Amino acid sequence: MPKNGYETAQAVRDTIYRASLALDDFSWQDWLDLCAPDEFHYMITSFSPEIGKNMIYLQGSWKEMKLMVDMLPKHNTDHSPLHRHTSVYTVDVSADGKTAEAVSSVVIYQNMLDGINSHIDSGESRLFLVGKYHDQFKIEDGVAKFTKRDTRLGNRRLDKGSHYPI
Amino acid sequence: MPARNHSQWMAKPPLADDEWIDSRIYSDQEIFEDEQEKIFKHVWVPVCHESELPKAYDFRTTSIAGEPVIICRGPDDEVRAFLNVCPHRGMLIERRPSGSFLEGQPSGNPKRITCMFHAWQFDMKGNCVYVAREKEGYQDRFCKEQAGLRRLRCEVKFGGFVWVNLDDKPSVSLEDWAGAPFECLRKTLDEEPLEIFHYHKAVIDTNYKLWHDTNSEFYHDFMHYHNRVTGFNDAYFARNNEAFPHGHVVVGTFEVNYENYEGFESRGELSFPHLPPNQWYMIDLFPGFNFNLRGSALRCDTVTPLGPDKVMIEFRGLGLKSDTEEERITRINHHNSIWGPFGRNLHEDLIGVAGQGTTMRPGTEERRILHGRQENQTIHDENGMRHYYEEWGRWVDRSPSQPDQAYSVRQGVAAAE
Ligand code: FES
Ligand SMILES: [Fe+2]
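Those protein sequence lines, which keep their order, are chains A and B. Going by the numbering used here, the residue at position 45 of the first sequence is 45; the numbering climbs one at a time, nothing skipped. Going by the numbering used here, the residue at position 301 of the second sequence is 301; the numbering climbs one at a time, nothing skipped.
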């Protein structure tokens with residue numbers, strides 16, 4: 001591990017957990033502020049044993065993700081809050097301490113609001129998605145910023161899907 | 001009109017008989033069972049794409065009307081379909097969604113379809129080639145020659161989709177069933193091989209026909225911000241809904257202005273063969289299959305009804321097999337921008353039919369569902385649904401607007417024909 005590797009790994013964990021909170025709160029700007037605007041690339045992917053292929057379900061640059069969340073008010077959507085449980089499994093800091101990679105497990109629950117029949121289901125939490133975050137970071141002044149997030153889903157059954165970054 | 005009392009609400013709408021239907025056709029268990037028996041067991045179903053089983057000995061499993069089906073590609077490159085049911089004690093022979101029989105299984109040999117239970121084995125033509133301890137158990141009374149799989153009608157057609165019909169004697173051939181609606185895209189889809197790049201599924205608490213209705217009416221483009229800004233212009237409103245025999249409908253094309261949605265791009269560079277840039281064709285096949293080509297990507301929806309108020313919808317995305325890696329990524333991005341599970345439109349469509357499913361749960365009072373827009377069979381005319389329900393009425397012998405009564409040609413249709 002490089003010099004200050006422990007602190008760097010802690011900074012990486014901190015960024016991943018802050019991103020989880022921002023995404024849970026639909027605080028899109030707070031989430032984007034944790035990402036490096038010029039480098040960030042976001043992906044939702046999954047492997048399908050049905051068709052034997054790695055699939056990309058969504059991807060975009062920082063700017064494209066920003067446009068996507070800015071457009072949300074113009075779209076009809078399921079407003080049920082998403083709550084994720086993230087556990088950082090591994091953090092690998094590069095030898096020069098300038099970049100890092102991390103793998104986290106993530107479980108996302110949908111806290112039902114208006115998706116189906118609010119009288120019956122609002123307030124109920126349903127398991128929505130499971131997967132892993134494969135993240136990359138650049139480290140500057142002890143702060144870790146996302147340069148890449150690949151949300152690798154275990155799901156191919158996505159029911160109504162979502163308009164939100166996951 | 002002000003809000004209505006109960007008898008006003010339940011009154012026949014002041015529309016022609018074919019311009020409205022009764023919501024019980026979306027919620028009644030008996031009608032669902034009729035549909036499985038009388039429709040789904042007799043129609044051509046596009047179960048998968050041939051690129052899902054590209055090599056000899058590849059297989060794919062699926063089901064139609066509750067019957068498990070296996071599709072496999074033989075060493076002769078022929079794609080065949082069988083019931084995925086063992087002739088011995090009825091085990092589901094292959095449990096995986098896809099794979100290759102080139103690998104041996106714990107109970108059986110390579111190049112064989114093996115039932116794990118008692119190790120009976122079958123070849124890619126469905127012949128039974130091995131019965132464990134055959135002579136010892138059956139002596140001369142029964143042998144593997146009498147234990148073949150149940151073969152099903154199967155054709156690869158219209159862009160490489162694999163079509164299966166549970167009926168050995170379908171009322172019409174696949175060509176006669178769907179050739180006419182596919183005519184608008186036949187050259188485009190058959191010019192070169194296609195390849196699947198996207199698969200996901202949704203299980204929604206709603207009736208399968210509500211999904212097909214949504215795919216056949218474009219009036220709901222008001223729900224899609226994307227379609228309003230990239231579509232609503234004179235050419236859009238001039239698009240035609242054309243009805244074809246057997247309940248199918250084709251929505252004609254126009255040029256979509258994708259750049260009008262902030263951050264989206266024209267799809268002109270990667271148009272499918274023989275098409276001008278940014279065209280949008282939609283083929284809706286009775287009773288619930290949809291082929292949707294938006295310039296650079298083809299989408300196919302397949303419904304599998306699971307109950308009167310439950311449907312599984314499988315979504316596929318396809319490009320050209322000859323795509324470079326870069327071209328493929330661009331097609332995938334175009335596909336996902338509106339049609340992916342995190343795209344702009346699909347989520348909205350699914351919320352729409354989930355909401356209809358909520359108001360039409362089994363046991364709710366019947367509702368009058370209006371299909372009465374008449375606009376010279378252009379895009380917001382509801383003739384697609386009217387045409388569909390005439391076909392539906394004939395297949396299940398029920399009136400769509402009075403489903404407890406036998407079918408007879410409804411008023412508006414009789415006048416039109
Ligand atoms: S049930 Fe298949 S071999 Fe016995
Ligand atoms: Fe739609």
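Hint data in this document are derived by calculation from the structure and do not stem from the laboratory. There could be a bad hint or two in this list.
[To be verified] Derived, one-sided and incomplete: chain A residues facing chain B with beta-carbon distance under 8 Å: (1) 48; (2) 53; (3) 57; (4) 72; (5) 85; (6) 150; (7) 152; (8) 160; (9) 163.
Keep in mind it's a predicted model, so treat the numbers as computed, not measured. Every residue gets a Cβ at the ideal spot worked out from N, C-alpha and C, and that includes glycine.
Structure-based check of all given hints:
1. 48: Since the shortest Cβ distance to chain B is 5 Å, the answer is holds.
2. 53: holds, 7 Å
3. 57: Holds - the Cβ of residue 57(A) comes within 8 Å of chain B, reaching about 5 Å at its closest.
4. 72: Result: violated, 10 Å to nearest chain B Cβ.
5. 85: violated, 20 Å
6. 150: violated, 14 Å
7. 152: violated, 14 Å
8. 160: This interface hint holds because 4 Å falls under the 8 Å limit.
9. 163: Because about 6 Å separates residue 163(A) from the closest Cβ in chain B, which is inside the 8 Å limit, the hint holds.
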